[in-house]
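**Student:** Here is what each chain is made of, one letter per residue.
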Amino acid sequence: MSDPPIAHASQFDNASQQRESATFGMWIFLATEVLFFGAMFLGYTVYRLAYPAAFAAASRHTLLAFGGTNTAVLLISSATMAFAIRAAREKRRTALAVRLLLTAALGTLFLGIKGFEYTREISEHLLPGASFHFDLPYANHAEMFFYLYFLMTGIHALHVAIGVVLIAIFGFRAWRTDAFVRNDTAVDLLGLYWHFVDIVWVFLFPLIYLVERHS
Amino acid sequence: MNQTPAGKRFLFTAVALLGLLALTIGAAYVNLGPFNTIAAMTISVTKAALIVVFFMEIRGRSPVIWVALATGLFWLGIMFALSMSDFMMRGWK
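In the order they appear, the protein sequences are chains U and R.
The numbers in our numbering rise by one with no breaks, and the one at position 132 of the first sequence is 132.
The numbers in our numbering rise by one with no breaks, and the one at position 12 of the second sequence is 12.
The shape of chain U in the complex, shown without the other chains (with noise of 0.2 Å):
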C-alpha cells in the first residue's frame, strides 16, 4: 500500500495492535451491555411466568403495526451502517458521510415512532404511576408489564439516541474531513454499538408486541 501508516499511541507496538486493542475493549463493553439487558430480559421473564394472563392482555394493547415498523427501521439501519463501514473500508469519503448520515435519519425515524407510541399509550392511561388504568381484574399485573415496557424501551431508545447523534457526528466529520478515511477504527466501533442495539430491540419486539396475539 502507498497510503501513509496510521499514527499510534506510544503504548502500541504498531497501528494494527492498536486497532485490535480498540476493538476488543468495544466487544468487552458490548458483553457488560448484555448483562445490564439481560436483568432487564430476566425480571421480564420471571413476571411473565408469575402473570402469563395479565402479559398477555397488556401486550395486545402495544401499537404492533408501530412495532413492527420500528423493527423494520432499525433492521434496515443497521444494513446501511454495514455499507457506511465497508465505504471507509474503500476510502470511499462521500459514500461513508451520505450512508452514516442515511443511519442516523433511520434511528431517529425509530426514535420518532416510539414517541408516538408513548404518546399515545399515556394518554390510554397505561403509564404505571397513580394515573394507570387497565379495566380487568388483574391491573397490578398488567401494570407490571407496562413498568417493564417503559423501562426496556426506554432505556433501548437511549441507547438509540446516543448512537444518532455520534452517527450523525461521525457522518458531519466524514463530510468535511479525511479522518475516517485515514483510519476507519473508529466507523467500525461505532457500527458494532449500533447492530448490538439492533440486536437487543430484536428480542425486545416479540416480547412485548407479540404476546398471544392470536387469541
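Here are the simulated distance ranges between beta carbons:
{"id": "1", "chain 1": "U", "residue 1": "S16", "chain 2": "R", "residue 2": "L73", "range": "25 to 31 Å"}
{"id": "2", "chain 1": "R", "residue 1": "R9", "chain 2": "U", "residue 2": "A130", "range": "48 to 54 Å"}
{"id": "3", "chain 1": "R", "residue 1": "V15", "chain 2": "U", "residue 2": "Q11", "range": "39 to 45 Å"}
{"id": "4", "chain 1": "U", "residue 1": "S16", "chain 2": "R", "residue 2": "I58", "range": "17 to 23 Å"}
{"id": "5", "chain 1": "R", "residue 1": "F74", "chain 2": "U", "residue 2": "A53", "range": "31 to 37 Å"}
{"id": "6", "chain 1": "U", "residue 1": "Y138", "chain 2": "R", "residue 2": "G7", "range": "46 to 52 Å"}
{"id": "7", "chain 1": "U", "residue 1": "F36", "chain 2": "R", "residue 2": "P63", "range": "23 to 29 Å"}
{"id": "8", "chain 1": "R", "residue 1": "V64", "chain 2": "U", "residue 2": "H133", "range": "48 to 54 Å"}
{"id": "9", "chain 1": "U", "residue 1": "A9", "chain 2": "R", "residue 2": "T46", "range": "38 to 44 Å"}
{"id": "10", "chain 1": "R", "residue 1": "A22", "chain 2": "U", "residue 2": "Q11", "range": "44 to 50 Å"}
Some chain U residues flagged as far from chain R (calculated, every beta-carbon gap over 10 Å):
{"id": "11", "residue": "L63"}
{"id": "12", "residue": "L109"}
{"id": "13", "residue": "G112"}
{"id": "14", "residue": "T119"}
{"id": "15", "residue": "L127"}
{"id": "16", "residue": "P128"}
{"id": "17", "residue": "Y147"}
{"id": "18", "residue": "H159"}
{"id": "19", "residue": "I162"}
{"id": "20", "residue": "A168"}
{"id": "21", "residue": "D178"}
{"id": "22", "residue": "T185"}
Now the stretches of chain R that chain U is said to cover, found in silico as 3 or more residues with beta-carbon under 8 Å:
{"id": "23", "stretch": "11-22"}
{"id": "24", "stretch": "48-59"}
In short, the hints are calculated from the structure, not lab data.
Ideal Cβ placement from N, Cα and C applies to all residues, glycine included.
With chain U fixed as given, assemble chain R onto it according to the hints.
**Tutor:** Same frame as chain U, but now just chain R:
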C-alpha cells in the same frame, strides 16, 4: 449501492432479516400453545446470529473477540440459570 460481494452479502442479510420479521409476526397469529414463545425466541436468536455473523463480521475477528462474546453470553446464562432455578423452585408469585 456497492455491488462487491460484501455489498451483496449485506443486501441478502437485510432481506433475510426482514423475512424473519414477517415470519415472527405471522407465527404470533397461529395458536401453537407454549411453542409460540419458543418459535418467537428461535427466530430472534436466528436474527441475532445473522447480525453478528454478517454485519458485525465475527468470523474475520481474532480469538480474543470470540472470548469477549462468549464471556458475555456465558455470564448471561449463569444469571438466568441460577435466578430461574431459584424462582421456579419457590413457587413464588
